[in-house]
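A.B. asks: Since the structure of chain A is already known, use the hints to place chain B on it.
Protein chains: 2
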Amino acid sequence: MSIIMKGSEVAAAMKEELLREVEKLARKGIVPQLGIVRVGARPDDLAYERGAIKKMGGVGIRCKVIELSESIGQADFEQEFSAVDNNPDIHGILLFRPLPRQLDEQSVRNMINPKKDIDCMSPVNIAKVFSGDESGFAPCTAEAVMEVLAHYAIDVRGKRVTVVGRSMVVGKPLSMLLLKKNATVTICHTKTINLEETCRNAEILVAAAGKAAMITADFVSENSVVVDVGINVGSDGKLCGDVDFDAVVAKVASITPVPGGVGAVTSSVLAEHVVRAANSLNGLS
Amino acid sequence: MSIIMKGSEVAAAMKEELLREVEKLARKGIVPQLGIVRVGARPDDLAYERGAIKKMGGVGIRCKVIELSESIGQADFEQEFSAVDNNPDIHGILLFRPLPRQLDEQSVRNMINPKKDIDCMSPVNIAKVFSGDESGFAPCTAEAVMEVLAHYAIDVRGKRVTVVGRSMVVGKPLSMLLLKKNATVTICHTKTINLEETCRNAEILVAAAGKAAMITADFVSENSVVVDVGINVGSDGKLCGDVDFDAVVAKVASITPVPGGVGAVTSSVLAEHVVRAANSLNGLS
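Line by line, the protein sequences give chains A and B.
Residue 1 is where the first sequence starts when you use the numbering used here, and the numbers rise one by one after that.
Residue 1 is where the second sequence starts when you use the numbering used here, and the numbers rise one by one after that.
With the rest of the complex left out, here is chain A (with noise of 0.2 Å):
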């Protein structure tokens, strides 16, 4: 019987945590609260912001949203962004990209404060991610994997982990937090030769390649520990991550499902950042 494992059992796990953190904050009077800057109105922006500001909710984090025309120029731009910036009662900051074609998204790279930055925007949580450094933020989505593998006791000290995938968001930042728990990785993307039989040879397999069901049972084995990290809609219209879930599960040890999987993970880790930020921000812990 391969196991299930479920996103929304380690959130609920982090919320329990998440709770008692707030509460302490509470008691010193802070409130902690997310800045949402959002340029526009794409509706999967509007779609994640909701979702973003009823987690924020459920365990006390205020949210702030600043909407921004979609026509706004760089100048009036900067001088948004370094509002919410310098505020002192927002704690972390979330942009929604990619920024409208008109505005410099390296600016604003160079421009936040990297103790608000936590969905790794800035160089230095970039540079601290990949030296190792804990003290920054890594992106939300490569720390949600590193959280379901904890929540469901797996070690990978040593083990043969394969990242299929090799972007900035999910499969760089997430092969350097493997390698710092001791995880011996390999990265791997469209020019892998033979990338069936690297993925078959893993003990860890994570999908982050954005291309739906690509990973099918020859890819995996009977001792494989599947993370699908892709959210992408399928042939049939329905959404679908990188993995054939259905011809894979019943032959594999582990795997995350789409929907319900790495993606319902990936807030709570926004909000314990948010977190850790107040209480940075604070001179606390």
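Honestly, the hints are just simulated from the structure, not real lab data.
These numbers come from a predicted model, not from an experiment.
It is possible that part of the hints are untrue.
[Stated by the list, open to error] Here are the simulated BS3-like pairs of lysine-lysine, each with C-alpha atoms no more than 27 Å apart in a straight line:
| hint | chain 1 | residue 1 | chain 2 | residue 2 |
| --- | --- | --- | --- | --- |
| 1 | A | Lys238 | A | Lys181 |
| 2 | B | Lys211 | A | Lys180 |
| 3 | B | Lys191 | B | Lys180 |
| 4 | B | Lys64 | B | Lys28 |
| 5 | A | Lys211 | B | Lys180 |
| 6 | B | Lys181 | A | Lys180 |
| 7 | B | Lys6 | B | Lys238 |
| 8 | B | Lys181 | A | Lys211 |
[What the hints assert, rightly or not] Counterexamples of contact, computed for chain B against chain A with all Cβ distances above 12 Å:
| hint | residue |
| --- | --- |
| 9 | Lys24 |
| 10 | Tyr48 |
| 11 | Gln102 |
C-beta: ideal position from N, C-alpha, C; glycine also.
C.D. replies: Using the frame of chain A, we list chain B on its own:
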């Protein structure tokens, strides 16, 4: 017959290109200059410094050594460093590390102008290496490995490359440079289980563990390309790499010796970085 990949051949080819580049700068009235900041006078640093000065001189790059007292305080150190950083005639800065205990390395990492940071201390350059942005400077030794592979026409694209070692000066940045060139990269380290097999399974094996002669004949196959980044003192008191050269050389396709391999290319990369910095700081190419 195994091919011995000699650093001197790589360096000779790089020298020709460097001479051309320096000549081009000269026609614009620019003499590239390296600033070497040394705190104290460790014999290792002095030896590297002599080699670097000789290498720079050979291609027409000027050197300025700023020697500071081993007991210098943070404020004085920052003032001295800042003077070098702001000197428009100095295009690249090499700072010997580790710094003495009383000095804060992190502060100088954040202080250095990323455009003069030719050995990848600044978070800006570290983040660039991680993200695959080639406009920054990678650590010289990591890049020297890429130069050796390129010179000997070893295409890494799609290949299984195993890197042993995960330091921030070689293992990790090199893995990112290899990934950028579309290699399938496996990062191994002291906690890797079954290291022998993982190494033997690689088409290209890079040893950057800092452990004398740890790579024996059992770690390689007939088709292995072996690059040895280690510089250790062996049990016989002689310089040796991470690879047991005599035991491995006859078995593999090609291999770099130690000394005379990657180490002989590092200062050529440093020179190339100074020239690139001189161009970039002057708004050229």
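A.B. asks: Hint by hint, say whether it matches the structure.
C.D. replies: Tested hints:
1. A/Lys238 with A/Lys181: violated, 35 Å
2. B/Lys211 with A/Lys180: Judged against 27 Å, a Cα distance of about 20 Å means the pair holds.
3. B/Lys191 with B/Lys180: holds, 26 Å
4. B/Lys64 with B/Lys28: holds, 21 Å
5. A/Lys211 with B/Lys180: Holds, at roughly 20 Å.
6. B/Lys181 with A/Lys180: Holds: B/Lys181 and A/Lys180 sit about 24 Å apart, inside 27 Å.
7. B/Lys6 with B/Lys238: The given pair, whose Cα atoms are some 19 Å apart, holds under the 27 Å limit.
8. B/Lys181 with A/Lys211: OK: B/Lys181 and A/Lys211 at ~21 Å, within 27 Å.
9. Lys24: holds, 29 Å
10. Tyr48: holds, 23 Å
11. Gln102: Label holds. Min Cβ-Cβ 22 Å, cutoff 12 Å.
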